[in-house]
Amino acid sequence: MYSTCLFCNRPLGRNEAIESFPVGRRLAFDAAKGRLWVVCRRCERWNLSPFEERFEAVEDCERRFRDARKRVTSENIGLARLDEGLDLVRIGEPLRPEFAAWRYGDQFGRRRNHAILTGVGMGAVLGIFALGGIATGAFAGGTWWIYRGIEQLVLDARRRRRLARVPGEGGETFTVRGEHVESIRIRPDLTAEDGWCLELHHELGTDRLAGAHAMNATALLMPKINRRGAPARTVNRAVKLIEAFDDPVRYLLAAAHVADGKAPAEKALPKLPAETRLAIEMAVNEENERIAVEGDLALLELDWKEAEEVAAIADELLIPTEVERQFEQMRRQAKDRR
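In this text, residue positions in the sequence shown follow my numbering: the first is 1, and each later residue adds one.
Quick caveat, the hints were computed from the structure, so don't treat them as lab data.
Worth double-checking, as some hints may not be accurate.
Here are the in silico distance ranges between beta carbons for each label pair [what the hints assert, rightly or not]:
1. Arg158 / Glu243: 32 to 38 Å
2. Ser3 / Glu203: 55 to 61 Å
3. Arg66 / Ala244: 46 to 52 Å
4. Asn236 / Val258: 16 to 22 Å
A virtual CB, placed ideally from N, CA and C, is assigned to each residue, including glycine.
Based on the provided sequences and hints, a complete structural model is requested.
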């Protein structure tokens, strides 16, 4: 494989993620057609790889794309960013929406462990104080109120703690504290673009946020609401909730309807079932990631269409019968994966 761009003659760089094809920092591949390109990061032109370099590399790219923690997909193009720094551009029909439990399992598991350790630490301090009071007879002397006072101080601190500064639709910024979270909820809204809105309680009162503002606010607040994390079985249930829908936005609308159907005391986000809260956090994260790279996907699709025209002509002229047979086998394998 060449190491410089065929168009601008600049180095294509190297990667350590695809062992069978260590050239390039962005690889584009089409498993159904057996195509593999190295995208030059300098001029953004697509360099078609030689036939003999493609087969194993395309399979490796497909596998790493499916396993990627960060990936977004449009109708024809998918983009994944690997931990090693390599970008993978997948051409073809989008994969079935998949929310790998392991992608969020580590994150929620770490929160859960932290919450347990924090709770144990606070409990130990109060427990030692209580045991000391019992042993010395201090509680009998009427100093039990000290223990209760410490506990109340902790609760008050949590209520006053600033959790987020949320941008409003008019350019203002709302400060949300612990005491406000217990009233925040999502609900259906026929006037909103996505069909749901966030009822945000904050220091200045209550505001309704919809669209991108609601998505952003929910993304800021859900990690605070889900601060205790969750065990793996709860994460798996949350994943199944989202996988039942075509995309995260549709799940959020369904979650808004579920919350709206509950009793008044159970409508707020912190009162929803754990798997629902986790699924809401996952959904807003996925949608925000998609929006963040939406422009990249549109540009990549334009570049791909141009590169595909050239590749189709080149492969048709040069491809031997045996290679065509291998291509057909790869096409069938790619179809079976979907």
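Handout entry: Indices of hints not satisfied (ascending)
Key = 3
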